[in-house]
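If you want this note's numbering, it's the position in the sequence shown, counting the first as 1, plus 77.
Rather than coming from a laboratory, the hints here were simulated on the basis of the structure.
Keep in mind that a hint or two might mislead.
Taking lysine-lysine and the DSSO-like style, the derived pairs with C-alpha atoms no more than 30 Å apart in a straight line are [claimed, not checked]:
id	residue 1	residue 2
1	Lys355	Lys369
2	Lys533	Lys598
3	Lys355	Lys426
4	Lys635	Lys709
5	Lys1106	Lys1182
6	Lys1131	Lys1045
Derived Cβ-Cβ restraints for the label pairs, each shown as a range [claimed, not checked]:
id	residue 1	residue 2	range
7	His486	Glu431	26 to 32 Å
8	Ser954	Leu1068	38 to 44 Å
9	Glu867	Glu1098	48 to 54 Å
10	Thr674	Glu431	44 to 50 Å
Glycine is no exception: its CB is placed at the ideal position from the N, C-alpha and C atoms.
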Amino acid sequence: MEGKDERLDPVRSFTVKSLRLDEARWQEFVSEEGNQVNFNSFFNAQDYCHLFICQDPDSRLSVSLDFPQNIQSKVICVSKTAREAVTKENSRKILIFQEVQGEEVLNFIICVTEQVTCPLLSNPENSSRWVSGVIDEAFRLMERQKNEALVMKAQIEGRTFLPHPDALHDDALYDAAKGGKVSDMKLLHTCDWTIIEWAELVSEFLQQDSSQPVVDGLKPLPSEEFHFWKNRRRNLLFIQQQLMSSRAQLVAFIVERAESVYWSTLRDMYRDVQEGVKEAEDVTLNLSPLQKKLEEVEQMEYQQLGENMASVLEEVLLVWIRSEFYCKPCRMVVLLQEICNLLIHLSRKFLRGEEVMHGLVSDPGLVLDDVRLVIWTLQTFKETYSQIRAQLEDQSQDRVSQSWDFPSHLVFIHLDNFLHRLQGIQEVFCVSLQLYQLDQVVLSGVNGRMWTDVAKNMYRDFLRHVTVLSHCNCDPTDSDDQSFELYLDQFQVQVSDLERRLVSVLSRALENCSVSSSAAKLVNMFGFILDRRLIQDQLRPYLIRLVDMVLMELDHTKLLFYSQREKSKTFSRFTPTAAAGLCWTQQLRLRAEDSLTNYRTVQHLCVDSGQLVLQRFQQIVDPLQDFRDRLKSEWSSQLDSDCGFVLEQPLIQFNQQGMLGVNSSHKLEAVLRELRYVIRERDMELRPHAAQLCTCRDDVTQNYLSLSHMVACYNQVVSDVLQVELPLIKDQLQDLNRTLSELQGNTWGSEGLQQLVKQQTDKVLMFHSSVTEARANTDAMTHIIQGWAELHLLQRSAESLLDGGATEQSYKRIREEGQELLRLTQVNRSLYRATDCSESWFRYLDNIDDKVQDGLFQLLLRSLHFLSDNMNPQSCSAALLAVSLQLKETGSVFEPSVGSGLSDLLTTIISDVYTAASLPPRISVRRQGNYQMSLQQSPELLALEQAVMQRLLRVREEAEHLRAGLDKYSHLWQSDRRGVMQEFLTYSRPLGPEELEAEETPPTLKDFQREIESLHRLSGEVTHLEEVKVLHGWLQVDLRPFRDSMLSIIHDWKNMYTEHLLDSVSDSLQQVTQCGGGGDDEESSSSSSFPPTETIILLETAGVKLPEHLSAQLQC
78 MEGKDERLDP
88 VRSFTVKSLR
98 LDEARWQEFV
108 SEEGNQVNFN
118 SFFNAQDYCH
128 LFICQDPDSR
138 LSVSLDFPQN
148 IQSKVICVSK
158 TAREAVTKEN
168 SRKILIFQEV
178 QGEEVLNFII
188 CVTEQVTCPL
198 LSNPENSSRW
208 VSGVIDEAFR
218 LMERQKNEAL
228 VMKAQIEGRT
238 FLPHPDALHD
248 DALYDAAKGG
258 KVSDMKLLHT
268 CDWTIIEWAE
278 LVSEFLQQDS
288 SQPVVDGLKP
298 LPSEEFHFWK
308 NRRRNLLFIQ
318 QQLMSSRAQL
328 VAFIVERAES
338 VYWSTLRDMY
348 RDVQEGVKEA
358 EDVTLNLSPL
368 QKKLEEVEQM
378 EYQQLGENMA
388 SVLEEVLLVW
398 IRSEFYCKPC
408 RMVVLLQEIC
418 NLLIHLSRKF
428 LRGEEVMHGL
438 VSDPGLVLDD
448 VRLVIWTLQT
458 FKETYSQIRA
468 QLEDQSQDRV
478 SQSWDFPSHL
488 VFIHLDNFLH
498 RLQGIQEVFC
508 VSLQLYQLDQ
518 VVLSGVNGRM
528 WTDVAKNMYR
538 DFLRHVTVLS
548 HCNCDPTDSD
558 DQSFELYLDQ
568 FQVQVSDLER
578 RLVSVLSRAL
588 ENCSVSSSAA
598 KLVNMFGFIL
608 DRRLIQDQLR
618 PYLIRLVDMV
628 LMELDHTKLL
638 FYSQREKSKT
648 FSRFTPTAAA
658 GLCWTQQLRL
668 RAEDSLTNYR
678 TVQHLCVDSG
688 QLVLQRFQQI
698 VDPLQDFRDR
708 LKSEWSSQLD
718 SDCGFVLEQP
728 LIQFNQQGML
738 GVNSSHKLEA
748 VLRELRYVIR
758 ERDMELRPHA
768 AQLCTCRDDV
778 TQNYLSLSHM
788 VACYNQVVSD
798 VLQVELPLIK
808 DQLQDLNRTL
818 SELQGNTWGS
828 EGLQQLVKQQ
838 TDKVLMFHSS
848 VTEARANTDA
858 MTHIIQGWAE
868 LHLLQRSAES
878 LLDGGATEQS
888 YKRIREEGQE
898 LLRLTQVNRS
908 LYRATDCSES
918 WFRYLDNIDD
928 KVQDGLFQLL
938 LRSLHFLSDN
948 MNPQSCSAAL
958 LAVSLQLKET
968 GSVFEPSVGS
978 GLSDLLTTII
988 SDVYTAASLP
998 PRISVRRQGN
1008 YQMSLQQSPE
1018 LLALEQAVMQ
1028 RLLRVREEAE
1038 HLRAGLDKYS
1048 HLWQSDRRGV
1058 MQEFLTYSRP
1068 LGPEELEAEE
1078 TPPTLKDFQR
1088 EIESLHRLSG
1098 EVTHLEEVKV
1108 LHGWLQVDLR
1118 PFRDSMLSII
1128 HDWKNMYTEH
1138 LLDSVSDSLQ
1148 QVTQCGGGGD
1158 DEESSSSSSF
1168 PPTETIILLE
1178 TAGVKLPEHL
1188 SAQLQC
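All chains, full assembly: derive it from the sequences and hints.
Encoded structure:
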């Protein structure tokens, strides 16, 4: 067939669209020789009614005349509607196309045969042209094809279908057979062939065995075993049901009545099926508990599997004991193998298969724990199996049950291979974890840096090897995959090379060790790798050298002991001699034990030298112990004597200065210190006095500390007492001395001291607390009073001038602190337990009152000094007060007045300063008036006040002199401008006071120019006057108001002259305009005082701008 065959067009169109093929793949598909044969057979032969096209998982197309098996993907079924050849004319009419899934193909064939083909064949219109007998043959063919489909469908579903004889479909033959007439040889022949076909199908099914997958080299799971027996039981019941059907019974009746040779075959078939049903039901029943248990195991966490291995094998044992048909070695071997396969499957799932080796880089420790858990679980299963096998052997000797006499290696053949693979993986992870520690190696010594770098290089090489192994492209848990073994072998070779390089580094490092401790540290540092046999063998000489160093150190410790034991200077001088001696011997023992510990570091790695080392160690320990025993005995005797002396001493005593002290304190401290060392020596026996003091050592220590604290507090109160304070606490001190005398009558060995000491201590501490608090209050009052001396009552403003008198904030502080002083005195009265009317309390208040008055005196003195110093020309740094010189109608005056104004201001400031002394309440109850009344009589304050007022008088004189100097300009504000202007216009100048009469001379432009320039000079002088002038260094005079007023007056004088000239220009221009603009300046001036042009020039020189109307007239 060629690709252009037109009969293929419908098939091509449907297939390409259904399977989404391109034309190239279709052409390649139909061009294959085998496919062409199938297409030609289907198109040309009438016997083939179906054609199947499918696509396998590898996307390869296939075509067949029989339905495909084990196909899960889509299948295209092409069927004929008539039993005839396909031509290009009828191809689109006779062919039917349908898409079905693989498992539905057989249903499709059966459905097409029953609902399409058979009805078409039975239609007379379709068969009228056929030769006689052809239609019957076609029916038989269709029936046979349907039976084949039913058989195959049943096989796919796990069942066995027994097809019916074709002849029984003939109603006449069927009725005859039921009537007992079997003379028709055709019917008998059909029944014989049916029995043969049944026997083949049943025999084929009965020969199936659950061990077949194992024989085929597969690794089935227990679920397949359970599924096999459940399907076997179901199918046998299905076969039994078919054999008991009416048609099957009719077949049996026919062959039995005809005495056919196949009657015995049919009977054997009946028997075999019944026995098979019995076997399947027995096996299914007994495997059911095991199935449930294994399903529970599959749902468990893997960590729980090991604990359930015994229960799983107990269920297996029950199957062996209870089942009549399953207690066969072959079946038990298969079942146990399947359980092993399940454990392997669960283990690989837990280890995540291909991801196992990735853990070498990410988390080797965690993966190693998982691998060890899996190995332990599988080993537990094998051990449990061995125990049950031994248990069965014991029971078989007692004839209780049959033993498992099959070889165990048949059971564990796959499990052992898996365990071997896991052990290899475990070894890789163990070695990797060991070599990972190379990153932490740091060697010391002369060449330590160099050897450390060598170790780091080895670590980098190891990381490279581990990275390669972690990226292997295989599943290491698959024991059937031998490619992983190549990776393992390569890794072992690389590890061996690293071990040889490590030996080189370790041997050099051990050679440089001069003491056993450094060698032991080195061994501990590389202990992670020293258990490797190759490294152990090559390092053995260096480890023996370490043992020799240990022996030398033990000998040196022994020599040190014998040479120094009688020298007391050997011991510490800061601890008791005996305790120091015991400590010294203990240090020597620890030194020997350290050497022994260093030896034990390598004891398991080197030759048998342990006996010699232990012997040397014992030669040191025994003399040390004898020496310690002698020291303890001597110490115990001396300590007992000291303790007896201390126990007889009184608790406290007063010295000649009246100060209190703890009796025998130094001796007691020494004894208690020695007892502290004694307690550390647990095997030391104490004599009576020492034992007594040691028993109550904690109480004595507590009493001693309490008494020491009490004595310190008492002495502090007595030694720091103030003269004014002593009368207030005198009675309380006497009461305390009487109570303390009770303590003087008790010794350190007295009974019930703790309660007494506590009572007396509490009294002293309470008294000390009250006095200390009162003194703290007194200090607080002193601090407040001293703070007043630093208070600024008078302050400068932002312009560095005095900002008025005392601020309200300062008053508030003084007032509040005064109330605080009064409150603290009342608190102290309660603390001292003083009465309001006692003389001692009055003197105490007077003392505080003196301090308050002194503090306020310092405050006032500081403030008045501030005024005096800032008004002193020699010491002031900036102006203190300010006035301004202003020009009024009466003349120049100061604001405020330098006379009464400044005097009133300073008087107010001084009064504010004194007012601060009246704010605190009076502390003394016997003194009248407030503090201000007392301080106003102070000569020193009065002297400062007088000095301030005297400096005010001196600055007043200088201020008046300054004002008088500026009176030279007084004619400007005192003269009558209109009168002066009239004189000027009449006489061209102002007349003097002696000139009563003068010749009238009208002014010229030069006269105007002279007066204007004179005013201009005066304006310049006034402008350059100082803005601010400081008198005597502290009074600031602001001249700007005076200057501004003067400039305004001068401006008015100047305007008086310029306005006259402007009026003259205006008159001249008006006359020119009225005359028609004719004539020159001389003619214009004939009717005017001044020439307009010269007048305008003079005005412009004087800085006067012509009005707009005059400018407009000039332009005309």
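Now for the hints, and whether the structure bears them out:
This hinted pair checks out: lysine 355 and lysine 369 have alpha carbons roughly 22 Å apart, not beyond 30 Å. Distance restraint check for lysine 533 and lysine 598: the Cα-Cα separation of roughly 19 Å lies within the 30 Å cut-off, and the hinted pair is therefore satisfied. With a C-alpha separation of about 38 Å, the suggested pairing of lysine 355 with lysine 426 is violated against the 30 Å cut-off. For a cut-off of 30 Å, the pair hint linking lysine 635 to lysine 709 stands: about 21 Å separates their Cα positions.
Distance check on the hinted pair: lysine 1106 and lysine 1182 sit about 37 Å apart at the alpha-carbon level, beyond 30 Å; violated. As the CA atoms of lysine 1131 and lysine 1045 are separated by approximately 18 Å, the hinted pair is consistent with the 30 Å bound. A beta carbon spacing of about 29 Å between histidine 486 and glutamate 431 agrees with the range 26 to 32 Å that was offered as a hint. Distance hint check: the CB atoms of serine 954 and leucine 1068 are about 53 Å apart, inconsistent with the given range 38 to 44 Å.
Distance hint for glutamate 867 and glutamate 1098: a CB-CB separation of about 50 Å, consistent with the stated range 48 to 54 Å. Between threonine 674 and glutamate 431 the Cβ separation comes to about 46 Å, which falls inside the hinted range of 44 to 50 Å.
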